[in-house]
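Q: One-letter residues, chain by chain:
Number of protein chains: 6
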Amino acid sequence: MKTKTLYIKDIKPGEKVSELFLVTEKNMAFSQKGAPYLNLRLKDRTGEVDGKIWENAVEWDKVFKKGDVIQTQGGAVSFKNSVQLSISSVRKVDDVDIDLSQYLPVAKENIDVMFSDLMAFVEQISSPYLKTLLYAFFHDEEIASLFKKAPAAKGFHHVYIGGLLEHTLSVIRLLDKIIQHYKGIDRDLLITGGILHDIGKIYEYSYDSIFDYSDQGRLVGHIVIGIEMLDAKIAVIEEFPKQLAMELRHLILSHHGTYEFGSPKRPKTLEALIVHHVDDLDAKINAFQEYIEGASDDDSNWTPFHKLFERFIYKG
Amino acid sequence: MKTKTLYIKDIKPGEKVSELFLVTEKNMAFSQKGAPYLNLRLKDRTGEVDGKIWENAVEWDKVFKKGDVIQTQGGAVSFKNSVQLSISSVRKVDDVDIDLSQYLPVAKENIDVMFSDLMAFVEQISSPYLKTLLYAFFHDEEIASLFKKAPAAKGFHHVYIGGLLEHTLSVIRLLDKIIQHYKGIDRDLLITGGILHDIGKIYEYSYDSIFDYSDQGRLVGHIVIGIEMLDAKIAVIEEFPKQLAMELRHLILSHHGTYEFGSPKRPKTLEALIVHHVDDLDAKINAFQEYIEGASDDDSNWTPFHKLFERFIYKG
Amino acid sequence: MKTKTLYIKDIKPGEKVSELFLVTEKNMAFSQKGAPYLNLRLKDRTGEVDGKIWENAVEWDKVFKKGDVIQTQGGAVSFKNSVQLSISSVRKVDDVDIDLSQYLPVAKENIDVMFSDLMAFVEQISSPYLKTLLYAFFHDEEIASLFKKAPAAKGFHHVYIGGLLEHTLSVIRLLDKIIQHYKGIDRDLLITGGILHDIGKIYEYSYDSIFDYSDQGRLVGHIVIGIEMLDAKIAVIEEFPKQLAMELRHLILSHHGTYEFGSPKRPKTLEALIVHHVDDLDAKINAFQEYIEGASDDDSNWTPFHKLFERFIYKG
Amino acid sequence: MKTKTLYIKDIKPGEKVSELFLVTEKNMAFSQKGAPYLNLRLKDRTGEVDGKIWENAVEWDKVFKKGDVIQTQGGAVSFKNSVQLSISSVRKVDDVDIDLSQYLPVAKENIDVMFSDLMAFVEQISSPYLKTLLYAFFHDEEIASLFKKAPAAKGFHHVYIGGLLEHTLSVIRLLDKIIQHYKGIDRDLLITGGILHDIGKIYEYSYDSIFDYSDQGRLVGHIVIGIEMLDAKIAVIEEFPKQLAMELRHLILSHHGTYEFGSPKRPKTLEALIVHHVDDLDAKINAFQEYIEGASDDDSNWTPFHKLFERFIYKG
Amino acid sequence: MKTKTLYIKDIKPGEKVSELFLVTEKNMAFSQKGAPYLNLRLKDRTGEVDGKIWENAVEWDKVFKKGDVIQTQGGAVSFKNSVQLSISSVRKVDDVDIDLSQYLPVAKENIDVMFSDLMAFVEQISSPYLKTLLYAFFHDEEIASLFKKAPAAKGFHHVYIGGLLEHTLSVIRLLDKIIQHYKGIDRDLLITGGILHDIGKIYEYSYDSIFDYSDQGRLVGHIVIGIEMLDAKIAVIEEFPKQLAMELRHLILSHHGTYEFGSPKRPKTLEALIVHHVDDLDAKINAFQEYIEGASDDDSNWTPFHKLFERFIYKG
Amino acid sequence: MKTKTLYIKDIKPGEKVSELFLVTEKNMAFSQKGAPYLNLRLKDRTGEVDGKIWENAVEWDKVFKKGDVIQTQGGAVSFKNSVQLSISSVRKVDDVDIDLSQYLPVAKENIDVMFSDLMAFVEQISSPYLKTLLYAFFHDEEIASLFKKAPAAKGFHHVYIGGLLEHTLSVIRLLDKIIQHYKGIDRDLLITGGILHDIGKIYEYSYDSIFDYSDQGRLVGHIVIGIEMLDAKIAVIEEFPKQLAMELRHLILSHHGTYEFGSPKRPKTLEALIVHHVDDLDAKINAFQEYIEGASDDDSNWTPFHKLFERFIYKG
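Residue numbers (my numbering), protein chains in the order written: chain A, 2 to 317; chain G, 2 to 317; chain Z, 2 to 317; chain R, 2 to 317; chain H, 2 to 317; chain D, 2 to 317.
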């Protein structure tokens, strides 16, 4: 296992940089004299940096591709107030030598702690059917392992290893507070729905190197994948109540709230309504906070324009 | 089994009418002197007619409810250029004595003929996996029986017993023509997709008496019910190819074409694109034709305003 | 002060009813013989009931108008499974004799308790400017008195005396939970924003008898009325920080979240984002619960169609 | 020619009414005893009134139909604060005896004066091609005659005989003012466009008795009918400049401003932009004023809800 | 007539290239030392390629312009996995020497065969009026000649010489199948409508060199141009039935289906409904297939993002 | 005060240019050899020009920033048919030496003349309350001074010093014509509303150097800022009529016409309706004219694509 010693956020202009990076973009460009050079975008868990290979670009181009981890030789320079790497040689790193958590952003909270906090919520479920169902999910090693790793989105909120878990835990903690606040809410259904609402995301994305959609992510999507996973687990629980199954399905199906956001049904139960709103709130707060944090070193009162929110955000 | 002898479309003002009807609406009204009377909407497979019970309305009200089949005594009168029944007595008919096909509209084509036409398409499927899948659906007695009976919608198109089968058969016949017309279409996938695109509707509606949505129809909907049925059938077919399953799922999921119409994914394969368009075309042609036919005795060039199409339709 | 002894929810068919009601609708109708009669809609805090005046309708029509409280003589009958009043004589009640809380629905929780709970939140504000501001609002007798009385809406959620206070308190209790959950939120701004977000509603509605919009409610609306009230209070606080005032204005302006719902600005700060979502959630939960409760005696699994939500709601 | 002596706005309850009316609605209704009666809606240029035929309704029903002018015998009564006619006998009036201007609302300004004001604008056109074109339209007797008569809409604005002329004249007067205000506007094109923008409406509606759409109004619409009329006239003018024709077509095609309102092209020239806006403004001002005037005897500050504007309008 | 010998798809890096190309883009750029060079986009019927003129760019710039066909001297190099031309000298080719079919993409099927297939459909029309009408169109040499050449769109579907003809033929072949499938369709009207639905496109685009909109294409658009052409042809056919003309107009006007897509009327007849749907289906299938084909050498399962469809398309 | 002698529109390639410019963009770029250079966008009131600093870019970069006025040394060259400056040295100019009217575009009409024309309208107001109100605005030196300077928008229409005043004056001149045209309009309210409708824009933008939004522009917006300014002025006028204040508020609030464009209320009075339409018309005419003028030296019949109008505009 290769280990990084210098992370992107710590690179200073003028330093020699002999380090490991994940390649997220690679394009050939050329000068007006026809001299080709390579434009790279390099990433580790602390950020991204541009890299240039000025010499022998055509040869180096064949050595590695987008999505690879590479070992580079070269130095850091400064342009446009940013650090940039000028790279003289490259070597592709074998997959077996890669510790992805060094290259991809990871949740700030400890993943195992978050997972056991989640399991504590599972323990509080009263309904034996729902508790059995949740065990069936999280005692399934593949599911548990992917659930600890998946991001919650490709580019909007919680875009990091452990992001899905962090988002899910945040949602159910909020749901838990809301249950105490209103009367007449079915706690078991609400918490179970909160835990499972995004479960299909573990198969919607690929996150072994660069985050992207999987084929089934684009063709089926996490909402329906989640229903299929749910059905498969329910099928092996004896006498799982039909109405309970139906309400749980409805909650997952409708958690995007409106047709426009890909829910084939809109919330028609109190619990589905609440999960939709809390999911939306948690995603947007995280998106605001990450975007403001990412724009913290600019001296403007405003972030750059946020395309999904279609607005500038006030940093205050 | 009770048998109707006089159908609504044949009732003439002035006749005595001692006949069987399905009650689709029942409301108490009253005159300005406080005299109660019952307003009924009565139905058989040839149409609907208003009925009034002027005497002893409160007592008769207790004898039957909306959704029942009743035996009435009374006579036909004419108001507003329409026939209306003035009813003197009523008796509720036992469920065992009811032949629903006398009370609900039925497809014009013979249902068994249509079903065997559909099965002929199944026979033409080359892929053993898809053929096995379709057998699994239509050799399932519950599914086959419901599929022969379900309407294709509650109030837009093919709203009659056998309507789903008629619509499905019409769609695959059109698909069959389209395959001959374009290159590069996967026939097996397209025809199988056409056959199964609306399969979830057998559980979306209740159609034992008045057509309505089932609970799972409203909470889950036929698109996702269809996916669940598909998954259940695929699960017991050995080595069903994963990509084929995924493309079939996508085709069902996306057959409403846009998010606004409840598809959680929009068509991203050629076959999904085609099924969506042909489904839409067949539904709308049927809706136009039925609406024009239903307005045929009015002497205007135009139908009444159609709420879903948001327009008057020209009868020509 | 006249006191009701029999409330609408307790009236039984067959009883004599000599009682006080608020008139919410009054229309003249007539029989086919030209005999006029009056259709009334009568209300008290427990519900609404239809009333008919069959005799001397033209004369009785002149005695009272919509919005009056009347003393009726007559009896209760039953039609369409509902109670209806057949009224023989009417007397208008003088305004001074009316205790409105008998005629309009009121919050279930005690209003003074809720108000003092709200004031406890005010006490927890750290910023002297914001605390002074909130004192300026709630030590203003007119504001405090109206704030205890106003409904939160005319017909969607919290439509009862004390509804605005109940909704506001519910919102800030949720905000208080959310503050504990996320980092980096300005508690003082969030709670103050939560308290004041709907303050303009005290002048948006009229609620002295039937709930309706005021002229300025329709022409200006509670969002901008709220800003004007805020500006008036800030103007007399020395050295109130300009940026704080601006952020508070933004929070109130943007609390409907989108242009379509009447916010001239969409949330651009974290606190504005949160208040918008929590306000929306609390309103919708209340609307769901009230609608389900109002449909509780129907034996369907579903409420009637809800026009604003554009759906049937599942009662479970 | 039959002449009315008593107009609807002057009928008082208690009077005998032997008078001429246009029938705009006719429906059979019936009492709870099965006694049929006729509900009529009667119209003359001053307003509308309900009428009832209580006796021998079935026979009277055969004597006339919707759209006819009838001579009635009977008396006026008062219900719901409105006058209503109780009719004992009816006679259909022959078409040749009808002066439609007594039955349909007419523009307040004199139609011939307005038409000659319009022609004065035609005289001011400098371009010989455009002047010839406008002569071709208005020296065409059919067009001139229909143009003096047509309403500008079926139910939104200028809904009266002469309404199209009044609206057109108002639009070009405003355009004339705007030309003086801005530089670089092609006066001839703008005024000609203003005159012709709605010319297709003379064939979009039927207005010989009740205002309605014609078949081509619904199938083709006034925008394209206008283009066809324009092309027919241009075809017989020698050497009409092609670009001028194209810009005039564009102006007519785009005068509804957006696709949503039925324009197949949006304004792309300055003149088209201006005609669209002035047309829209004049239509809406007329609609506001007519609606406020129609609601003038209600004592509310507000009109009833206006469906097209989706709002209540403040009368002030 | 100059003839190409080497087509773009066959150019290999390293070859000398002395060849003819259509210039679709030309922009001056410059190095950081102020040295200007020309960026070209060059096209022939097999594809497009970038070209660079490094030396004497300012002088060469004056020799030709966008839309010209040029004779170049130079060589092919490889960058970014693409071929690029490095050009040393250029000569503009005279229009008379240009065979456009070498530079613009052309339909795969033979244009004359397609045209005679279309004429065979014309022969099958029973109505003498409609047959005369279609003769009037296609025996008009200008129309026939342009109809064989025009693309069906500028950038969405059938974007090649003969594309309009190919699309039209495909649409009527599908319509022909649909007629056999449903009852009650007017075959003559449907086929004639199918043939003429896009006829206005022959004047909507310019396609003598680079495909673009004509002025009347942008100001009037093919829908209304089509109506004008139709009217001109009908005007010289004696006793052409008015209703038939109106239904044909409606069919052309409404063939985009909704206002949003530029139809001033939505389909209100069965035939108009069908033509709209079949037109839409054929356009989208072609667009999908062309886009998938254009992305065939990429090894992803997905095409690049398609802007009009707003999605990635699955290549399978 | 430094004075420009050479304006951008007059610079010729080949000239030496030692001149003053406003810097609107500044970015570091670099050659393929790693040599940094500065890309500048320079502005004066006659237009904009690109500038390059090829030598010592890193040092020059520290000398000035975006928004500064600089004194440059260098020469003009020609690329892409445009003039470009090659700059050898730069000096930042002190704020006190800057006459902004040399760097920012200014209204074509004289600002003081326009302002006194506006004041003449104020003098014509009959209502003493409204006249006092308008005095309160325009005798306020800060307001008057900013009102003479502010642009009417950041990038759509009247984007120049004095633009707000020019737009406002144009609107009220049109309103004045409209008053003469229709009956029943409250002249005082309409003209006052026209004068004040955009008054909040003086604080919505910053326009001391580059035009941009202020913080309160983004967080509060000119509509609500305008209301706050209005309230502050009304508060010190004795006995200002409440209803008049409310109608004026409504007029300002609703002048964008729809929710989508940021009005929290839509026009519900005749005067509000008219101001909205006239404001919209004047803004769009100016936007069309400025855009056509800006594209006048291109030889196409069409402007480039206009993003806000989403169309090409025909220059004719």
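Possibly wrong hints are sitting among the right ones.
Note that identical chains are pooled: a pair holds if it fits in a single copy or bridges any two copies.
[Unchecked claim] No farther apart than 25 Å at their CA atoms in a straight line, the calculated lysine to any residue pairs in the SDA-like style are these: (1) LYS67 / GLU261; (2) LYS178 / GLN72; (3) LYS155 / LYS308; (4) LYS316 / ILE112; (5) LYS243 / THR4; (6) LYS67 / LYS234; (7) LYS178 / LEU101; (8) LYS155 / PHE310; (9) LYS184 / TYR292; (10) LYS3 / HIS158.
In short, the hints are calculated from the structure, not lab data.
Quick caveat: nothing in here was measured; it's all calculated off a predicted structure.
Q: Pop the pair LYS243 and THR4 into one bin, within, between, both or neither, using alpha-carbon distances up to 25 Å.
A: neither (51 Å within a copy, 37 Å between copies)
Q: Indicate which option fits the pair LYS67, LYS234 if close means a Cα-Cα distance not exceeding 25 Å: within, between, both or neither.
A: neither (37 Å within a copy, 39 Å between copies)
Q: Quick one: LYS155 to PHE310, C-alpha cut-off 25 Å, is that within a copy, between copies, both, or neither?
A: Both ways: LYS155 and PHE310 sit 15 Å apart in one copy and 21 Å across, limit 25 Å.
Q: How would you label the pair LYS316, ILE112 (within, between, both, or neither) given a Cα cut-off of 25 Å?
A: Neither. Shortest intra-copy (29 Å) and inter-copy (37 Å) distances fail the 25 Å Cα cut-off.
Q: Using 25 Å as the alpha-carbon threshold, which applies to LYS3 and HIS158: within, between, both, or neither?
A: Neither: 29 Å inside a chain and 51 Å across chains, both beyond 25 Å.
Q: Using 25 Å as the alpha-carbon threshold, which applies to LYS178 and GLN72: within, between, both, or neither?
A: neither (48 Å within a copy, 47 Å between copies)
Q: Given a CA cutoff of 25 Å, do LYS67 and GLU261 count as a within-copy pair, a between-copy pair, both, or neither?
A: neither (33 Å within a copy, 36 Å between copies)
Q: Up to 25 Å between alpha-carbons, please classify LYS184 paired with TYR292: within, between, both or neither.
A: between (36 Å within a copy, 15 Å between copies)
Q: For LYS155 vs LYS308, is the C-alpha pair at or below 25 Å within one copy, between two copies, both, or neither?
A: Both: 14 Å inside a copy, 20 Å across copies.
Q: Between LYS178 and LEU101, at a C-alpha cutoff of 25 Å, which is it: within one copy, between copies, both, or neither?
A: neither (35 Å within a copy, 36 Å between copies)
The structure is inconsistent with the numbered hints 1, 2, 4, 5, 6, 7, 10, although it conforms to all the rest.
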